[in-house]
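Student: Each chain is listed here by its residues.
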Amino acid sequence: MLRTVGELSITAGLILMLFCAYLLWGTGAYTDRQQPLLQQELAREMGGGEQPAQARPLRRINLGKAVALLRIPRLGGDYKYAVIEGVTPEHLMKGPGHYPGTALPGQIGNFVVSGHRTTYGAPFNEIDKLHRGDEIVVDAREARYTYRVTRQHVVQPTELDVVAPVPGKPGRRPAKAVITLTTCHPEYSAAQRLIVHGVLDRTEPRED
Amino acid sequence: MYGWLWRRLPGNTVAKALASGVLAAIVAAVLWYGLFPLLEPLVTLDEVTVTR
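Chains as they are written, first to last, in my numbering: chain A, 226 to 433; chain B, 7 to 58.
Errors might be hidden in some of the hints.
[Stated by the list, open to error] Have a look at the derived ranges for each label pair, beta carbon to beta carbon: (1) G253(A) <-> L41(B): 14 to 22 Å; (2) L48(B) <-> L239(A): 16 to 24 Å; (3) L15(B) <-> G238(A): 21 to 29 Å; (4) G238(A) <-> V28(B): 17 to 25 Å; (5) M226(A) <-> V36(B): 21 to 29 Å; (6) L45(B) <-> T229(A): 49 to 57 Å; (7) L15(B) <-> E360(A): 56 to 64 Å; (8) E412(A) <-> R13(B): 41 to 49 Å; (9) L11(B) <-> P261(A): 36 to 44 Å.
Keep in mind that the hints were calculated from the coordinates and are not lab data. This one's a predicted model, so the numbers in the text were calculated from it and none came from an experiment. C-beta: ideal position from N, C-alpha, C; glycine also.
Just chain A, with the same shape it has in the complex (with noise of 0.2 Å):
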């Protein structure tokens, strides 16, 4: 009887580990089949021999689309995500997510964008490594926006102040193109949000 009891709860102990080791690498799974799906998506509509001058850029994107394509480079030269509309935990799971109703990629006001820090391929895990003046680099439709990061900071999840058209000041008209990332905060918890700001630095023809 004992021994049963013993037995079973080895095997829990057991399962409970492969489950964090599922949560950890296998959600990443999903998100490397899903993410080629929407590059590829970003891809033909930005490809056709269209001149990025006369691509106009979009006024929305319907949820569960390609927004734009996503590079820091201080996380690597290969760290490339196709950020999806829709912050729902369905389009998280496909990569970083646009905030619907915020601006999109070089426009006046906030551009904002969620992404997981440890599961689904965890995209933002090291947006913490983000120094002052690190470029976020965003290819849209119509043209690639290089941003820079001003702060970095952490904040309660309630504090929707940070996804304001102005970050920390709603209600305040927007001057600026800015962007804001955010992740959860400290890794393996969800008690927090990490966020990092960046103000557009830049706007450029694509390179393909």
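Following the hints, put chain B in place on chain A, whose structure we already have.
Tutor: What follows is chain B alone, placed relative to chain A:
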């Protein structure tokens, strides 16, 4: 529990060990591909958005 299973597996020790390995792999696969994806949404250790 495992002793009971071990005694019921056929063949010699090597065959029993192989069968045990296969059974463990099947259980792990069912958990990994079947149960864990259903449980994962209930674990909110990676909440990334700000909301009211």
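Student: For each hint, tell me whether it holds in the structure or not.
Tutor: Here is what the structure says about each hint:
{"no.": "1", "hint": "G253(A) <-> L41(B): 14 to 22 Å", "verdict": "18 Å, holds"}
{"no.": "2", "hint": "L48(B) <-> L239(A): 16 to 24 Å", "verdict": "20 Å, holds"}
{"no.": "3", "hint": "L15(B) <-> G238(A): 21 to 29 Å", "verdict": "23 Å, holds"}
{"no.": "4", "hint": "G238(A) <-> V28(B): 17 to 25 Å", "verdict": "22 Å, holds"}
{"no.": "5", "hint": "M226(A) <-> V36(B): 21 to 29 Å", "verdict": "27 Å, holds"}
{"no.": "6", "hint": "L45(B) <-> T229(A): 49 to 57 Å", "verdict": "25 Å, violated"}
{"no.": "7", "hint": "L15(B) <-> E360(A): 56 to 64 Å", "verdict": "60 Å, holds"}
{"no.": "8", "hint": "E412(A) <-> R13(B): 41 to 49 Å", "verdict": "46 Å, holds"}
{"no.": "9", "hint": "L11(B) <-> P261(A): 36 to 44 Å", "verdict": "42 Å, holds"}
Violation of the numbered hints given earlier is confined to hint 6; every other hint is satisfied by the structure.
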